[in-house]
Structure formats: C-alpha cells, structure tokens
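> Please build the complete structure, drawing on both the sequences and the hints.
Each chain, written out:
There are 2 protein chains.
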Amino acid sequence: MILIDGKAVATELKQQMKEQVASMERKPSLVAILVGNDGASETYVGHKERACAEIGFRSQVLRFAADTTQEQLLAEIDKLNNDKQVDGFIIQLPLPRHIDEQVIIDAIDPRKDVDGFHPVNVGRMVLGMEAFVSATPLGILELLKYYNIDTKGKNCVVIGRSNIVGRPISNLLSLKGWDCTVTVCHSRTKNLKEVCSQADILVAALGSAEFVTSDMVKDGAVVIDVGITRVASTQTKNGWKLLGDVKFDEVAPKCSYITPVPGGVGPMTIVSLMRNTLLAAKRK
Amino acid sequence: MILIDGKAVATELKQQMKEQVASMERKPSLVAILVGNDGASETYVGHKERACAEIGFRSQVLRFAADTTQEQLLAEIDKLNNDKQVDGFIIQLPLPRHIDEQVIIDAIDPRKDVDGFHPVNVGRMVLGMEAFVSATPLGILELLKYYNIDTKGKNCVVIGRSNIVGRPISNLLSLKGWDCTVTVCHSRTKNLKEVCSQADILVAALGSAEFVTSDMVKDGAVVIDVGITRVASTQTKNGWKLLGDVKFDEVAPKCSYITPVPGGVGPMTIVSLMRNTLLAAKRK
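From first to last, the protein sequence lines are chains L and F.
Everything in the first sequence is counted per this note's numbering, starting at 1 for the first residue and increasing by one.
Everything in the second sequence is counted per this note's numbering, starting at 285 for the first residue and increasing by one.
The set of hints was computed from the structure by calculation and includes no laboratory data.
Note that the Cβ used here is the ideal one computed from N, Cα and C, for glycine as well.
Any given hint could turn out to be false.
Stated by the list, open to error - Mimicking DMTMM-like on lysine to aspartate or glutamate, the simulated pairs with C-alpha atoms at most 20 Å apart in a straight line are:
hint: 1; chain 1: L; residue 1: K284; chain 2: L; residue 2: E130
hint: 2; chain 1: L; residue 1: K190; chain 2: F; residue 2: E478
hint: 3; chain 1: F; residue 1: K474; chain 2: L; residue 2: D200
hint: 4; chain 1: F; residue 1: K474; chain 2: L; residue 2: D150
hint: 5; chain 1: L; residue 1: K193; chain 2: F; residue 2: D484
hint: 6; chain 1: F; residue 1: K568; chain 2: F; residue 2: E414
hint: 7; chain 1: L; residue 1: K193; chain 2: L; residue 2: D215
hint: 8; chain 1: F; residue 1: K436; chain 2: F; residue 2: D503
hint: 9; chain 1: L; residue 1: K193; chain 2: F; residue 2: D463
hint: 10; chain 1: F; residue 1: K474; chain 2: L; residue 2: D215
hint: 11; chain 1: L; residue 1: K218; chain 2: F; residue 2: E478
hint: 12; chain 1: F; residue 1: K474; chain 2: L; residue 2: E130
hint: 13; chain 1: F; residue 1: K363; chain 2: F; residue 2: E338
hint: 14; chain 1: L; residue 1: K152; chain 2: F; residue 2: E478
hint: 15; chain 1: F; residue 1: K502; chain 2: L; residue 2: E194
hint: 16; chain 1: L; residue 1: K190; chain 2: F; residue 2: D463
hint: 17; chain 1: F; residue 1: K368; chain 2: F; residue 2: E385
What the hints assert, rightly or not - Derived DEER-like restraints, expressed as beta-carbon distance ranges:
hint: 18; chain 1: L; residue 1: S214; chain 2: F; residue 2: W524; range: 53 to 63 Å
hint: 19; chain 1: F; residue 1: R514; chain 2: L; residue 2: N82; range: 49 to 59 Å
hint: 20; chain 1: L; residue 1: M129; chain 2: F; residue 2: L346; range: 20 to 30 Å
hint: 21; chain 1: F; residue 1: Q356; chain 2: L; residue 2: N82; range: 27 to 37 Å
Unchecked claim - What the simulated footprint calls covered on chain F by chain L, stretch by stretch (three residues with Cβ under 8 Å from a Cβ of chain L suffice, anywhere in the stretch; the number is not a length):
hint: 22; stretch: 391-404
hint: 23; stretch: 441-452
hint: 24; stretch: 466-472
See below:
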C-alpha cells in the first residue's frame with residue numbers, strides 16, 4: 001500500500017510555481033472577497049493569502065460587512081472584472097443568506113473565475129475544453145498524475161454528486177485521456193456496497209465520517225478520500241480530530257494507493273487555486 | 285414489453301405546443317443558419333421548418349455559401365443576438381472545415397441558444413440549473429416522463445460519452461429528481477458486457493449499428509436506442525434501411541420498455557428544439 005502524500009506533492013508543486021513566478025516580470029495577482037465574519041472562511045482565506053506570499057503572487061483580501069447588499073457586492077465584482085491588475089479573484093463561500101450565491105458567481109468574468117465555479121467554466125470542463133477546473137477535482141487529478149496511477153479503462157466509482165466535487169471529478173475522469181468508466185453514486189443509490197466493491201478507483205466525496213468500510217473496497221483499489229469532518233476526540237489536546245469519508249485503518253491495508261485525512265486531497269486544493277491563478281496570469 | 289412510440293409522443297407534444305402558441309399574441313421565432321450544401325443538413329433544416337409551420341412558430345432559414353468566412357458568420361450571429369424579433373437560433377452543423385465550430389457556438393447568446401450547445405448552457409444543465417438542454421437528451425427525458433418510467437435509484441448505463449448525447453444524458457439522469465446511479469461507458473471500457481447487463485436503464489448512444497445484443501441486456505430493462513445508421517438493404521425499395529445501436533429483434537423481448545429505430549428517440553429531437561424555442565420566447 002502506498003500512502004498518497006498530498007502535503008509533500010503540494011509543497012513540491014508550490015516550489016515549482018515559485019520558480020516560474022520568480023522569472024515573471026509581472027507577478028500573478030489573486031483577490032479574495034470575504035463577506036461577514038465566518039470563522040472557517042477567515043481561516044481558509046488566511047491559508048490562501050499565505051500560499052500566495054509563499055509562491056510570490058500578489059494578493060489582497062477585500063473584507064465586507066455581513067450586511068453588505070447583493071448590489072454592492074455585484075458592483076465590487078464589476079470593478080474586479082475590469083481591473084487589469086487582477087488576474088483572478090474568488091468569493092469565499094458561504095455568503096450571508098440575503099445574497100444569492102448563484103447570481104454572484106454568474107457575475108464573475110469567467111476568465112478571472114479561478115475557483116472554476118462559473119457555469120461557463122463547468123460547461124467547458126464537461127465538454128473537454130480548456131477551463132478553470134475547481135480546486136478539489138483539479139487537486140485529485142494532480143495526485144493521480146503525480147503517482148502515475150493508470151486510469152485508462154479502469155472502473156471508477158464516485159460517491160457523491162455535489163457540484164464542487166462529485167459532479168466535476170466524475171466528468172473529468174471519463175474524458176478522453178483519463179478514460180475511466182465512471183459510476184456516480186449518491187444518497188438514492190440502492191446497491192452502494194456492491195457498486196463500490198467493483199471500483200478500481202474509489203472517490204469518496206459524500207461528507208460522512210468513516211462511511212466507507214473495508215467490505216466496500218476491492219483488493220488493490222485506489223482510494224481517494226475527499227471527506228473532512230471534525231469530530232470530538234479524547235485523544236487530542238485540542239479535543240477534536242479530523243476524519244475522512246473512509247475508515248482508514250481497516251481500508252488502507254486493502255489498497256494499492258490511498259489518501260490520508262488530513263494530508264491527502266486537502267493540501268492540494270490551495271495549490272490548485274494557485275495553478276489556476278498562474279494560468280489566468282499567463283493567458284493574459 | 286412496451287414499445288416506446290416516439291412518433292406518437294412527438295405528435296401529441298407538438299399538438300400541445302400548437303394550442304399554447306395559438307393563444308400567444310407574439311409567435312415564437314426560430315432562425316436556422318445553413319452554410320454550404322450538405323444534403324443531410326438540408327434535410328434536417330427542412331424538418332425543422334416544417335415543424336415550426338405545424339406548431340405556428342415563425343421561422344426563417346438563412347443560407348450562406350460554403351466559402352463564407354468565419355468573420356462573416358460571426359457578424360451574422362451578432363445580428364441575430366441583437367435582433368429582438370428572434371427568440372432562438374441554431375447553426376446547423378457540421379460547418380465547412382475552415383470554420384471553427386466552437387468559436388461559432390461560443391458567439392451565440394446563451395439566451396437564444398436553443399440547441400443547448402453553448403458551454404454556459406451545458407454548465408447550467410450539469411449544475412442542475414435552468415438551461416437549454418440539447419435536443420436528444422431532452423427528448424429522452426420527455427419519453428421517460430411520458431411513459432412514467434421510474435428512474436429513482438435505478439442503475440443506468442450510458443454507452444457513449446459524446447458531447448451531444450452521452451455526456452449530457454448521463455449528467456441529467458444523475459441529477460436530483462431523476463436520481464439514477466449512472467455509469468458512463470465508452471470505447472476504453474473493458475468489461476462492457478458485464479456493466480451493461482447490470483443496467484435497469486440502458487442508453488445506447490455510440491453510433492454503431494446493432495452493437496447491443498441480448499446477452500448485454502438484463503431481463504426487464506428499459507432500453508433507449510439513440511443510434512441511427514443507414515445501411516444497404518435488399519429488402520427495401522430504396523436500397524437502404526435505418527438501424528439503431530441495439531439489435532432490436534433479439535433485445536426487445538427481454539425489455540420492459542424499448543425505443544424502436546426509426547420512430548423512437550428520433551422524432552423527439554425536433555420537438556425538443558421546438559420546446560426550447562417556446563421557452564426562449566416565454567422567457568422574454
């Protein structure tokens with residue numbers, strides 16, 4: 001069993017980007033919009049800022065009060081769309097309830113949509129065209145590539161059909177080049193165990209701690225664990241720990257490759273955002 | 285075994301639209317652009333014109349010489365995008381080789397893209413948003429609905445990953461509401477027979493005459509045949525006949541429902557285009 005070390009891969013890819021950026025006269029620039037005071041959002045945006053600094057990108061966080069109106073936010077997006085100094089920008093989700101997230105996402109210029117959430121980027125990705133692919137699915141592809149995992153003709157089962165993970169990764173892996181035979185499972189799937197146990201590559205992205213047990217996994221399978229759930233723990237100092245969607249201890253021995261949680265897919269997501277920003281800067 | 289009568293359903297749906305249109309002061313309007321002298325394209329556009337006349341839409345075919353430049357075509361699209369009299373328009377494919385089809389499709393205003401080929405419509409469809417869905421997948425959904433075929437939790441296998449059929453129908457059937465567990469197979473799939481024979485709903489969209497044989501189909505399956513291949517025949521007056529992707533005679537007895545070729549999915553595609561045009565007119 002080979003443990004997929006997302007942290008190490010992320011570090012290496014960031015180093016590569018840093019070298020590329022060092023030779024660029026105009027440094028790529030990423031702007032993050034943060035509305036309200038969501039603690040988790042603050043943390044995520046902080047991680048992104050640090051990654052920018054590390055690689056040598058210019059970055060900026062624009063903070064808005066929780067009672068900012070949709071119109072004000074749209075005006076801000078319009079400014080960023082037209083600001084030639086900005087290569088890419090993201091709106092940290094979730095937004096306060098009085099704002100329609102889809103209206104906001106639709107307003108982003110797709111050429112600056114480095115989160116890959118705009119429908120035109122989703123459509124381009126599904127059609128196999130050049131597109132900004134959202135962070136988590138792009139991170140998964142990078143890991144498969146890094147470890148030279150053969151995907152062609154393999155049975156891939158994706159658990160979860162969310163718009164940010166399950167849906168895009170299932171479309172990507174069935175594209176030419178990746179060539180998996182992909183099955184998408186979800187809450188309405190009847191024979192889930194049976195389907196999963198036929199997978200050469202199993203992507204767990206349902207968001208339910210330790211859902212995937214060893215009886216659902218074929219010997220020699222590649223298991224990609226996208227879940228990340230915080231649960232109370234008496235074994236850690238801070239009183240909690242992070243769990244994936246896979247019951248790691250019992251599943252890992254059966255796998256050819258597996259991603260741990262934390263340290264698997266997670267560290268790759270920020271790298272993916274950075275790659276998209278670099279791409280946006282180069283395209284200009 | 286119930287034969288899904290696409291022709292009858294199409295006739296009924298056209299009649300319903302005709303009644304709706306009769307009460308509309310401003311009739312929906314569809315424009316088709318035809319470049320060059322492709323015989324099949326002429327036929328298809330002719331069918332579309334007739335359907336418009338039947339239902340009471342305004343329609344127009346704009347014909348351009350085979351040596352029309354990409355720039356000229358883009359200028360024409362720009363005019364149609366801005367013409368308030370036009371609700372929807374289509375560019376009949378294929379285009380002459382010197383024209384980049386994707387550039388042309390990208391230039392269509394998504395609100396008038398009644399073929400549903402623009403990436404923004406594909407993205408919106410994949411994300412489960414309101415969108416123009418392309419004709420064949422929309423026609424398949426209409427047939428499933430018309431025959432009250434239960435899709436929830438069913439294993440659906442789609443053979444083919446084309447951008448106009450396999451890819452969209454597989455995404456649609458795994459959306460909430462349809463709730464199939466969908467597997468997409470293609471030329472690189474290794475255990476195709478095994479995968480297909482587990483399908484409750486089998487969609488054959490690979491474009492290979494009589495590819496699906498009875499050993500690939502489960503007893504009681506619903507079989508949707510999207511293929512249409514013209515082959516030489518000594519049994520018909522004109523010397524040819526149309527075959528689907530399914531070996532009908534041996535597969536049909538095993539099915540709960542099956543679409544014939546011709547007369548199954550085919551007649552529904554034009555109805556779908558008409559539905560999209562009606563929708564475009566209503567949205568305005």
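> Hint by hint, note whether the structure agrees.
Each hint, compared with the structure:
Between L:K284 and L:E130, the direct Cα distance comes to roughly 15 Å. Compliance with the 20 Å bound is thereby established for this hinted pair. Simply put, L:K190 and F:E478 have alpha-carbon atoms about 18 Å apart, close enough for the 20 Å limit, and the pair holds. A C-alpha spacing of about 12 Å is found between F:K474 and L:D200, which places the hinted pair at or below 20 Å, so the restraint holds. Simply put, F:K474 and L:D150 have alpha-carbon atoms about 14 Å apart, close enough for the 20 Å limit, and the pair holds.
Distance check on the hinted pair: L:K193 and F:D484 sit about 17 Å apart at the alpha-carbon level, within 20 Å; holds. Straight-line distance between C-alpha atoms of F:K568 and F:E414 comes to about 15 Å, which keeps the hinted pair within the 20 Å bound. For the given pair, L:K193 sits about 8 Å from L:D215 by alpha-carbon distance, which is consistent with the 20 Å threshold. Pair hint F:K436 plus F:D503 holds up; C-alpha atoms about 18 Å apart against a cutoff of 20 Å.
The suggested pairing of L:K193 with F:D463 holds, with an alpha-carbon distance near 17 Å, which does not exceed 20 Å. Between F:K474 and L:D215 the CA atoms are separated by roughly 24 Å; this puts the pair beyond 20 Å, and the hint is violated. Simply put, L:K218 and F:E478 have alpha-carbon atoms about 17 Å apart, close enough for the 20 Å limit, and the pair holds. Between the alpha carbons of F:K474 and L:E130 the distance comes to roughly 28 Å, so the proposed pair goes past 20 Å and is violated.
Our distance criterion of 20 Å between C-alpha atoms is broken by F:K363 and F:E338, whose separation comes to about 27 Å. Note on L:K152 and F:E478: the hinted pairing holds, with a Cα-Cα distance of about 18 Å set against a maximum of 20 Å. A threshold of 20 Å between alpha carbons decides the hint, and for F:K502 with L:E194 the separation of about 17 Å falls inside it, so the pair holds. This hinted pair checks out: L:K190 and F:D463 have alpha carbons roughly 11 Å apart, not beyond 20 Å.
Restraint check: the Cα-Cα separation between F:K368 and F:E385 comes to about 24 Å, which exceeds 20 Å; the hinted pair is violated. Separation of L:S214 from F:W524 is about 56 Å and conforms to the stated range, judged on CB atoms against 53 to 63 Å. The given range of 49 to 59 Å is respected by F:R514 and L:N82, whose C-beta atoms sit roughly 52 Å from each other. L:M129 and F:L346 have their C-beta atoms about 27 Å apart, which keeps the hinted 20 to 30 Å range intact.
Restraint check, F:Q356 to L:N82: a C-beta distance of roughly 30 Å satisfies the suggested window 27 to 37 Å. With 3 residues carrying a beta carbon less than 8 Å from a beta carbon of chain L, the stretch 391-404 of chain F meets the three-residue requirement, and the given coverage holds. Counting residues of the stretch 441-452 of chain F whose beta-carbon sits less than 8 Å from any beta-carbon of chain L gives 3, enough to reach three: the coverage restraint holds. Only residues whose C-beta sits within less than 8 Å of a C-beta in chain L count toward coverage, and the stretch 466-472 of chain F has 6 of them, enough to reach three; the restraint holds.
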